[in-house]
Amino acid sequence: MAKNLVIVESPSKATTIKKFLGSTYEVVASNGHVRDLPKSQLGIDIENDFEPKYITIRGKGELLAKLRREVKKADKIYLATDPDREGEAISWHLMHALKLESKNTSRITFNEITKNAVKQSIRQAREIDMGLVDAQQARRVLDRLVGYQISPVLWAKVKRGLSAGRVQSVALRIVADREEQINAFISKEYWTLTGEFSVEGDKKPFTADFYGTKDKKMTIGSEEEMDAIIKEMKKAKFSVSDVKETERTKKSPLPFTTSTLQQEAAKSLNFSTQKTMRLAQGLYEGVAVKGRGTVGLITYLRTDSTRISEDAKKMAYDYIEENYGADYQGTAQKKETSGKKIQDAHEAIRPTYVDLTPAAVKDSLSRDHFRLYQLIWKRFLASRMAPAKLATTTVKIDSDKYRFTSAASKVVFNGYLAIYQTDEDKIDKKKISKKITVGTQMNAEQFDKKQHFTQPPAHFTEASLVKTLEELGIGRPSTYAPTISTIINRHYVAKEQKNLYITELGEVVNSIMKKSFASIVDVNFTAYMEGLLDRVEDGSVKWKTVVENFYPDLHEAVEVAQKELEEVKIEDEVTDVICEECGRNMVIKYGPHGKFLACPGFPECRNTKPYLEKIGVACPKCGEDIVIRKTKKGRRYFGCISYPDCDFMSWQKPVAKRCPQCNGPMVEKGNKIVCMDEQCGYVQKADKK
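Converting from the sequence shown to the numbering used here requires adding 33 to each position, the first position being numbered 1.
Keep in mind the hints are simulated off the structure, nothing from the lab.
Just so it is clear, CB atoms sit at the ideal spot from N, CA and C, and this is done for glycine as well.
Some hints could be false.
What the hints assert, rightly or not - BS3-like cross-link-like pairs, simulated, lysine-lysine; straight-line CA separation at most 25 Å:
no., residue 1, residue 2
1, Lys429, Lys483
2, Lys277, Lys467
3, Lys300, Lys395
4, Lys463, Lys443
5, Lys323, Lys284
6, Lys665, Lys718
7, Lys411, Lys300
8, Lys462, Lys443
Stated by the list, open to error - Pair ranges (Cβ atoms, derived):
no., residue 1, residue 2, range
9, Lys434, Thr227, 17 to 25 Å
10, Lys483, Asp571, 55 to 63 Å
11, Val593, Glu657, 38 to 46 Å
Start from the sequences, fold in the hints, and give me the full structure.
And the structure:
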């Protein structure tokens, strides 16, 4: 009988697929890429039309020899790597590494690892799509040129083996820009007021929020202003001027894309983007389920499409009707729209079999795999369900001059909420008494005033950074997780709790990139390059043309930066700290977490110690020096040199001047100097010096 060979990427995927194919099929794994650009050199012949030099990845020789033996025994070879640019490129590299050009070779793809999908892909076998391959080659070559040509410049500037990347540098800039906005933010005081009213015959008081006058909404900026309003209202009489009942719908959510899965898993499960993708890969490739064997539980995990196949829709609608009733079946979903091109080659992320409920597979999955599968399963079912219907009652309570408002909602029909709810879906359980009608007299029992301060923009989390990268058109589904992991692993960005903070090292790298390589870290330019890669994919632009047009500006920027760096090259700064081991004056060096003190006698003397940089300001608590310190993750702050005896700390840089209003310490915020005590609120412009 004819022997067929199927080559996939991972052993677990091979195990799952082998189960669907008969004894005439052998399924083996390449374990990802088998060829790549060399690590020790640029690997791109700039003089010869930017031709890349691919070599066998170290350690893959034995695997390739095994694959060649399998190829010799086969009459037909199917390349079944992942259905995206990266997967297409792996198949292309396998074609060359295994010399398959003269063999009967086809490319097959499937969006889900199910028996029907795999067998259907074999019936629809095709040639390798060079548009996808070239788009991946273009990205790889562009990234290599940026990384290998700019990294030595960074090394020269900060005197250590740093690295730059085309997309990672833009992500770093986005985090740095947000940090600047936060540091420059000046909070403003404002007050809110809640009124407690009683209705005759009701024991429970009724609360409403201050709106303003009958004509417009008011913002109250001080306690004095608030007290004056309360004083007026204590003499006033209140009555209900309007009661309005409306019905609104909450649309069912769209099924997950890579980006929205990463965001929701971060928010609801506290998973990093990298962890989410690792777990999803396992669910996609296959899990041993009791009674079913090895099953691929979800569809392909790298997608920005919200499309669902007709078979999947029918499967979902049948399940919903059987378990919830026909009223819960939704109508066709409207597609997500955005300004960027959607890679619609495969579906949204969904379960492959709806009847494999989370409860049915729980015993077969690890805790984290189960939680992620449950999230995907519920979101998909919810996306096919009817919208929820809410009844909202709004009440306006007026005096002669001022107005309070209150609103309460109740679920009339829960629709998709029967299976899936996020924090945004939670309904306030506040109720409005039936006795409250237009003209009802309300007795003001008390007024509860609260002071607030406006808050700066939130620090990025992995979830919000993914959302921003997607909205700006930077990167693609496969790049979000590795981009964020890279800037964290290189200590450019620190992750504390869920928030991302730029480190001192990140500030240095970002500063150099903005100054010397402005176009590389320009958000719009990077998004434009992504658009060009899409055009390479659809065949309207040649990939080498993209590289040819990109390289001259990069080369010129590198040359200019190298000349400028030679002029401003700084030797290790010598300090007055004496090395206790050899007596030399220690010098300041850069390490993975920023500056540290090292003995210049290295390698004979290897003594190092933390570098505490004084800022020339006395601690407002004890009078000792304030120094720059770092958290364990590398985030910079200002603290007393006498810690732990003195616990003074500030995220913003303190100044020597005391507040003229309260005599408290002050800090720099952008181009302003502000009092650390928000209650004081003193602000002045910073000296231009």
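Hint by hint, here is what the structure shows:
{"no.": "1", "hint": "Lys429 <-> Lys483", "result": "holds (21 Å)"}
{"no.": "2", "hint": "Lys277 <-> Lys467", "result": "holds (12 Å)"}
{"no.": "3", "hint": "Lys300 <-> Lys395", "result": "holds (22 Å)"}
{"no.": "4", "hint": "Lys463 <-> Lys443", "result": "holds (9 Å)"}
{"no.": "5", "hint": "Lys323 <-> Lys284", "result": "violated (36 Å)"}
{"no.": "6", "hint": "Lys665 <-> Lys718", "result": "violated (33 Å)"}
{"no.": "7", "hint": "Lys411 <-> Lys300", "result": "holds (16 Å)"}
{"no.": "8", "hint": "Lys462 <-> Lys443", "result": "holds (7 Å)"}
{"no.": "9", "hint": "Lys434 <-> Thr227: 17 to 25 Å", "result": "holds (18 Å)"}
{"no.": "10", "hint": "Lys483 <-> Asp571: 55 to 63 Å", "result": "holds (56 Å)"}
{"no.": "11", "hint": "Val593 <-> Glu657: 38 to 46 Å", "result": "holds (44 Å)"}
The structure does not agree with the numbered hints 5 and 6 stated previously, though it agrees with the rest.
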